[in-house]
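These are the residues of each chain, in order.
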Amino acid sequence: MENQLEALTIIFTEVYYWITVVLMFLIHVGFCMYEVGASRKKHMLHTLMKNTMLIPLVTVTFYFFGWWIYWAFQNGPGITGGLISAPWATPWSELMGTHMGGAPAHAGLSGDDTMAWARINGVFWAAFLLFSWTAASIVSGAVIERIRSGAFWILAILIGSFCWILDAAWGWSENGWMVQKLGYHDAYASGVIHAVAGGFALGVLIHLGARIGKFAADGTPRIIRPHNPWLVTVGLFMIYTGFWGFYVACNIPILDIGEAAGMDGSFFSTTNIYLTPTSTSAITFNFLMSLSGGLMVGYLISKGDPFWTYSLGLAGVIGASAGNDLYHPIQAMLIGGGAAVVAYKMHHWVERRFRIDDAVGAVAVHGYAGFYGVVVAGFVLWGYPSSMHADYAAITPWGQLQGAVIMFFVLGFVPGYVAAGILKRMGRLRVPAEVELAGLDIGDNDVMERDIAGVVAAEREAAKQYR
Amino acid sequence: MNTGIESWNVDLMGIGPMYPFVGSEVWLAIVGVLSWLIWHFIQAKVEAKEVAAEQAEYAKSGALNKALDREQA
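Here the protein sequences line up with chains A and B, keeping their order.
Just so we're aligned, residue 1 is where the first sequence starts under the working numbering, counting upward by one.
Just so we're aligned, residue 468 is where the second sequence starts under the working numbering, counting upward by one.
One or more hints might be untrue.
Claimed, not checked - Result set (DSS-like, lysine-lysine): computed pairs, CA atoms no more than 25 Å apart in a straight line: (1) K516(B) to K533(B); (2) K345(A) to K464(A); (3) K516(B) to K424(A); (4) K41(A) to K533(B); (5) K516(B) to K527(B); (6) K527(B) to K41(A); (7) K512(B) to K214(A); (8) K181(A) to K41(A); (9) K512(B) to K424(A).
Just so you know, the hints here were simulated from the structure itself, not pulled from any lab data.
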């Protein structure tokens, strides 16, 4: 980079995404705290390790094929065109490693490719990857206290490195076929992350079944108390904090969109992932107002229950996220409040009607609120252009409804249901009842009990000389 | 012996990939994917063995009640 302004723009963008990754790491810390707090003592370590180990597994698979899927599958393929060449995103690409942006060493890449991607590929990949962890982590909470770790990790890779990134290629990219044909708009991922992960979790839960004792014989659900409610709420606070990183990671921080708009000169702006204009200020207003709407309604509807109030604050943000690049803050607040109602009511109705044991309300907070958010954006943003490309479809209620169905059911529920069904038939999905009853940490607990007894005996022996 | 960069006193604009053994990327990808798959294979075997052992232990009379008592304590 010879020009200082060009260098500042590129290195600012590089550091910008790097900071989003660090912030989004807190989402995962929050999910771990939340899940461990929500589980009973006898399952704590298993719950922690189940979620922790999705980090390396989703990371390496996202390196091997997830990143390439995002760039190669934007046409379907087979809907608006074929597979797209993305030589910067294959695991054998020189741009998937340390690179200074000079002439490429390998055929298949151009000088323009290396200039454009050398300093941005790693941080952009990582920002998307952290979304992958979130998608898998959403599923993780729903299935605690009875799923086998190995089964969960296969499911985590499926949602984290395939389903969500395929839906991002289709509906969360400048030229995805859903943007072109349906006018799909989902700026901060109501559907792209939350509905797809919620739908996936629901498909898994149907095969996994409820925890022993969750339902009375007549189907009445029982509350299985978190062993540490404080850890649950701090975990949710941590997720809120990381969510700031998630929001800004959904933006391009500085881009000249003047030419795309048909202007004679430049117009530098922050844009969303569709490269249409927004601002960091706008999404800051709307994040906080939709969070507030969710919390206020959540407190009232749950009668001040801390677990649900915090969770419905999150549902508020998720419900408004599809359009939070454009909404007025008071619209965001009202939409967020509506999302809280949808998530809370749907959770309890589904739980009673179908005996679905969603241990942390993940399907409701992410799945139903995300679905609602995509549909609502179709009405509130009706007629807005979905893209800078004038020939792409505009935002409509029917385009958004189709998009919500694709996210929740086609790419979420169906793969989750099928994959969990296969694992169940192989006898690999759920731990045996004896192990579930004794606790998934029984091996560790037995060792701990034996060691505590041994240490106490040794201490008593040592204490004798002081008597 | 040199595995990559030989000098920084060059036209830096011309430097492309900087990691050692440029040209080995396909082999690295193959090794990486195999490592990931082998990890799952080993983990599945270990988990199945552990779960079977725990199931056998807690199928014994009294062991399960002891574990449940421990949870309530």
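For each hint, the structure was consulted:
1. About 23 Å separates the Cα atoms of K516(B) and K533(B), which keeps this hinted pair within 25 Å; it holds.
2. Proposed proximity of K345(A) and K464(A) is contradicted: the alpha carbons are some 62 Å apart, above 25 Å.
3. Of the supplied pair hints, the one linking K516(B) and K424(A) holds, its CA atoms being roughly 18 Å apart against a limit of 25 Å.
4. For the hint pairing K41(A) with K533(B), the CA-to-CA distance comes to about 15 Å; that is within 25 Å, so the pair holds.
5. For the hint linking K516(B) to K527(B), the alpha-carbon distance of about 18 Å falls within 25 Å, and the restraint holds.
6. Between K527(B) and K41(A) the CA atoms are separated by roughly 22 Å; this keeps the pair inside 25 Å, and the hint holds.
7. Our distance criterion of 25 Å between C-alpha atoms is broken by K512(B) and K214(A), whose separation comes to about 30 Å.
8. Proximity of K181(A) to K41(A) is assessed by CA-CA distance (about 50 Å); at most 25 Å being required, the pair is judged violated.
9. This hinted pair checks out: K512(B) and K424(A) have alpha carbons roughly 17 Å apart, not beyond 25 Å.
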